[in-house]
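Q: Quick note, the sequences are listed as chains P and W, same order. 29 is the number that the numbering used here gives to position 28 of the first sequence; each next residue is one higher, with no gaps. 73 is the number that the numbering used here gives to position 29 of the second sequence; each next residue is one higher, with no gaps.
Hints in this document: simulated from the structure, not taken from any laboratory. Any given hint could be a false lead.
One-sided excerpt, in silico: chain P residues whose CB lies under 8 Å from chain W [unchecked claim]: (1) I11; (2) K33; (3) S47; (4) V50; (5) I64; (6) L77; (7) T78.
Simulated crosslink set (SDA-like; lysine to any residue; CA at most 20 Å straight-line) [unchecked claim]: (8) W:K93 - P:L27; (9) W:K101 - P:Q25; (10) W:K93 - P:H69; (11) W:K52 - P:H10; (12) P:K15 - W:D96; (13) W:K218 - W:L202; (14) W:K93 - P:D32; (15) W:K93 - P:H21; (16) W:K76 - P:Q25; (17) W:K82 - P:D48; (18) W:K93 - P:H10; (19) W:K101 - W:W132; (20) W:K76 - P:E76; (21) W:K101 - P:N7; (22) W:K142 - W:V102.
Chain P residues, not near chain W, derived (Cβ > 10 Å throughout) [claimed, not checked]: (23) G23; (24) T29; (25) L30; (26) H34; (27) A36; (28) N41; (29) I42; (30) R52; (31) S55; (32) S59; (33) N68.
Ideal placement from N, C-alpha and C gives every residue a C-beta, glycine not left out.
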Amino acid sequence: METALNFNHILLFKTNISSHKGKQLLHTLLDKHPAVQCWNIDMEDSDYVLRIISETLSHTQIIEIINHHGYQCCELT
Amino acid sequence: MRSRNTDKEELVKQKAIELIIKDGLEGFSMNKLARACKISVGTPYIYYKDRDDLIMKVAMEELRVMEEFFIRDFDPEEPFEQGLRKQWENRYRYAREKPKMNQFFDQLRSSSYQEEFLSGFMPGFISAMTRFMHNITERGEIETMPFEVYWSIAFGTLYNLIRFDIEGKSLGGKPFKMTDEVLWRAFDLVVKSLKK
């Protein structure tokens, strides 16, 4: 649930996470991550846009985590 | 430093409505929207979680606007003819000020968003109209008939005329322009046919 959103806390990524398996991985990585307020992935979009709300995490940190698990991830600009 | 840009946010919303009307819901994507707004593909995601979120939020906001138009000065306790006249005034004003919105809502009504869309459907308005229908039926002001028949006569007439007016022509390509005379003549006949 997002309340009084600070737009600087919205991190957007282009990914290649298009499968259920990939989405399950995101659940594993992000659901209980202490620095992730909430997240979602738009599987309807050709960029499979991952949207993360976090006050402290940086784009680089997220990219590293996702890449480490074998998926492509870069900042969406 | 990202800050809220209300102009951009409004542009995203208006363009989304435009694209959905033009290409349908199936053809709509955040990518296409960003290109149409000439903004980066990430920008719509600042305001909306994803495509579904955008569609539902825009739909709910537009429904709220429609509701405001429909219930303005409408008193469900009024007699049948006065109440219906107010509904005609309000709906006609809405159609003139927001001519494309019916097409937008048609897209939603026949989509997978249907259930969610209908569940948020103008609760204030529904409550007022239910009250109005209850009153006019209780008072014996109108003939008994199924609701669908009532609605078709009471409002179908108006919406058909509005459609002719928007298209600039009626059946067989005959040119048509709505006038107050045409509108209220139709209204009088509708009232005559429904009133007991």
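Q: Now tell me if each hint is right for this structure.
A: Here is what the structure says about each hint:
1. I11: With Cβ-Cβ at 6 Å, under 8 Å, it holds.
2. K33: 20 Å, violated
3. S47: For P:S47, the interface hint holds, since the closest Cβ of chain W sits about 6 Å away, which is under 8 Å.
4. V50: 6 Å, holds
5. I64: 15 Å, violated
6. L77: 4 Å, holds
7. T78: 6 Å, holds
8. W:K93 - P:L27: With a Cα-Cα distance of about 16 Å, the restraint between W:K93 and P:L27 holds, given a limit of 20 Å.
9. W:K101 - P:Q25: Cα-Cα ~27 Å, so violated.
10. W:K93 - P:H69: 25 Å, violated
11. W:K52 - P:H10: At roughly 19 Å apart (the allowed maximum being 20 Å), P:H10 and W:K52 satisfy the hint.
12. P:K15 - W:D96: 18 Å, holds
13. W:K218 - W:L202: OK: W:K218 and W:L202 at ~18 Å, within 20 Å.
14. W:K93 - P:D32: The hint holds at about 16 Å.
15. W:K93 - P:H21: 19 Å, holds
16. W:K76 - P:Q25: It is violated: about 28 Å lies between the C-alpha atoms, which goes past 20 Å.
17. W:K82 - P:D48: Given pair W:K82, P:D48 holds - Cα atoms ~17 Å apart, limit 20 Å.
18. W:K93 - P:H10: 13 Å, holds
19. W:K101 - W:W132: Measuring from Cα to Cα gives roughly 27 Å; hence the hint is violated.
20. W:K76 - P:E76: Holds, at about 19 Å.
21. W:K101 - P:N7: 19 Å, holds
22. W:K142 - W:V102: Holds: W:K142 and W:V102 sit about 15 Å apart, inside 20 Å.
23. G23: About 16 Å separates P:G23 from the closest Cβ of chain W, which puts it past 10 Å; holds.
24. T29: Since the minimum Cβ distance to chain W is about 20 Å, P:T29 lies beyond 10 Å and the statement holds.
25. L30: 18 Å, holds
26. H34: 18 Å, holds
27. A36: 19 Å, holds
28. N41: 5 Å, violated
29. I42: 8 Å, violated
30. R52: 6 Å, violated
31. S55: 14 Å, holds
32. S59: At roughly 14 Å from the nearest Cβ of chain W, P:S59 sits farther out than 10 Å, so the non-interface label holds.
33. N68: 19 Å, holds
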